[in-house]
Amino acid sequence: MSDATRRRPSVLDIVAIVAVIGALAFSLSSPRVESQGDAARMLFIHVPTIWLAYLAFAVTFLASIAYLVKGKLRWDHIAGSSAELGVVFTTVAIIGGMIWGKATWNVYWTWDARLTLTAIMLFVYIGYLALRRAIPDPETRARRSAVLGILGLVQLIPVHFSVTWWRTLHQTNTFRPRDIQMDGPILAALLASVAAFTIVYAALLRSRVRLAELELRAHIAAAAVEGPVAGDAVTAPAIGDGGAKP
Amino acid sequence: MSDRFWPQALAIARRDLDRERRSGEVAWVTIPFGAIALLLVPLAVGVNQDVLSRIGTGMLFVVVMLFGVLTSIRRTNIETPEQRDAVALLGIDPVAEFAGRTMASALLLLVFEIVMGAVAVPLYGLDLVGWGWMFAVMPLTALGLAELGTLSGSIASSFNAGPALVPLLVTPLAIPLLLGATQTVTAIDSDRGNLSWLVLMAIVVLVLAIVGVVTARPLQETR
Amino acid sequence: MSASAPLVEFEGVAARIGMATILRDVDMRVRPGESVGVFGSNGAGKTTLLRVIATLLRPSQGRARVLGVDLSSQDRFDVRPRLGLIGHAPALYPELSLVGNLEFSARIAGASQESAMAALATVGLAAAADRPAGEASHGMQRRVEFAREIMLSPDLLLLDEPHSALDPSAIELVEHIVAGVLQRGGAVVLVSHDVDRVAPMVTRTAELAGGTVR
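Residue numbers (my numbering), protein chains in the order written: chain A, 2 to 247; chain B, 3 to 225; chain C, 462 to 675.
The set of hints was computed from the structure by calculation and includes no laboratory data.
Hints should not be assumed to be uniformly reliable.
Unchecked claim - To give an idea of the chain A side of the interface with chain C (calculated C-beta under 10 Å), a few residues:
| hint | residue |
| --- | --- |
| 1 | I136 |
| 2 | T141 |
| 3 | A231 |
C-beta: ideal position from N, C-alpha, C; glycine also.
Just chain A, with the same shape it has in the complex (with noise of 0.2 Å):
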């Protein structure tokens, strides 16, 4: 690896790490939650991620705006990004959702209206992800994963209002996440553990577009070496004498 592409950690790096070191000690260090037991301490790693999920959609969402206005790469580097932080901490919230719920309701799943709009979310970005892989051209995949970015944040809002209404009006269960007390030092470790996993958040959106930014430097150079254009590639037809042979 080279000196251009290793890295040190940075500030923002070290921070995290200390972060999630205090946050995981001031988790471990809170009172335990009399009707949840010790699987309350999910709720620690839960509710940082989904709330980082949709932090990460909302930039995915402005960054997309953004490069349909200014046209520049680095917007389209900070979308693609954020989505696939997002996608990730999605995919960690509802599978520390599930461990909670069966821990506590016995139950992996329901058809609670925030569970559900979380799942459809993941599936919207799991489909912006499928996009840009799909799209070799950096420009063309910008310009069509912007408007997808736009298209899926708006549209998760209807999407909200229509679960809730949905599961108001067929409310049967008692799931209720707002069912554990949140006492001072619970709420404190919570608070913490939200500050800790945003600032992790921070510093992997920053390594990661610094990466998709390496990653068009070596496709613009790859362009611009002065080797052969595609056309190179096809050479006149090796026929022997008498004609071609089958």
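Let chain A serve as the given structure and place chains B and C on it in line with the hints.
Below, chains B and C without anything else, positioned relative to chain A:
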């Protein structure tokens, strides 16, 4: 909006409808396939009439949504890059093209919905109480799905994996239409009533129209 | 149109498709009244060159102007109705009739519906007007595309392998169309791998090799 907007939009719609009339794909493939799907569900879940009448409206709109997506994919699939280039060079207004394609798809989807409804009612023993709302629900569903399909088709066109991506792009975003359509009919007795669902569907249709108009020009570029 | 301003001006133009560089460092000027034949072997980038001129593919580098419009600006969309492109593969809708395809083009471009039938008659296909394009031969479909350009009278006509699938009378038609464009003060750029066949319809030639035009 230029004075060529509506002539161009109507020309695009007419082209798509003419092509459909001559190929007969919706009439002879999509509709029968949708009807078979409606037939398969009772075979899978059992023929308890109470169960079927409860799930029938939902199944109708699931089939409409999924097969509506297929219809949209087809529109993308059958257009060659040369055809797209030729239309671009004729000086098509991208927004007119979006409007024209959407109008044609919406009309085809509306016909599909009506026929599927006619199949679902006897198969699932559906009570037609509340079905007057279908005069509003079906056009809104058709228009929303058409807008989504046209947008997704434009996003996913011109590269190899494009047509395969359209279902993944469209289906999650069509959920408000699915829920609005089913709940408008079944939520007659709820406190909220049907109007909220219809308003939600109308908002979705409006939002999709705005996104389609604003992004039509960037999406027209092939590179 | 200004009498002397070039209709096509390329300086150092490069073009990529995906990750592949197709054109590099293309310098080219086409003036009104010129018919330029660009020759190259298979895969040389002839079609790509035409698509860049037609504003369908944006250059990745260099300065490109077509009909006085910078191809990096949004105005390039406005110049499209003044261009005509007949590609190697037909762009007709197979389900629509031959005249139906032309009438569609007329509606989009704002030409009269009657001009569609008149153009079809000019290319000798009036009797086959109602035949679905999918049932017409490749040569017939190309004639319909020439009919479209007769109907729309572009200022800059771009032809990709103009002789492909055409019989001698149709080739005369192509020469007539090219002459008509030049007489109106327009220009023609055609690409081919066969220098001899297109010689009667060009005023000068250029070679496309190594991704660049010499």
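Do the hints match the structure? See the list:
| no. | hint | verdict |
| --- | --- | --- |
| 1 | I136 | holds (9 Å) |
| 2 | T141 | holds (9 Å) |
| 3 | A231 | holds (4 Å) |
Comparing the model with each numbered hint stated earlier shows that all of them hold.
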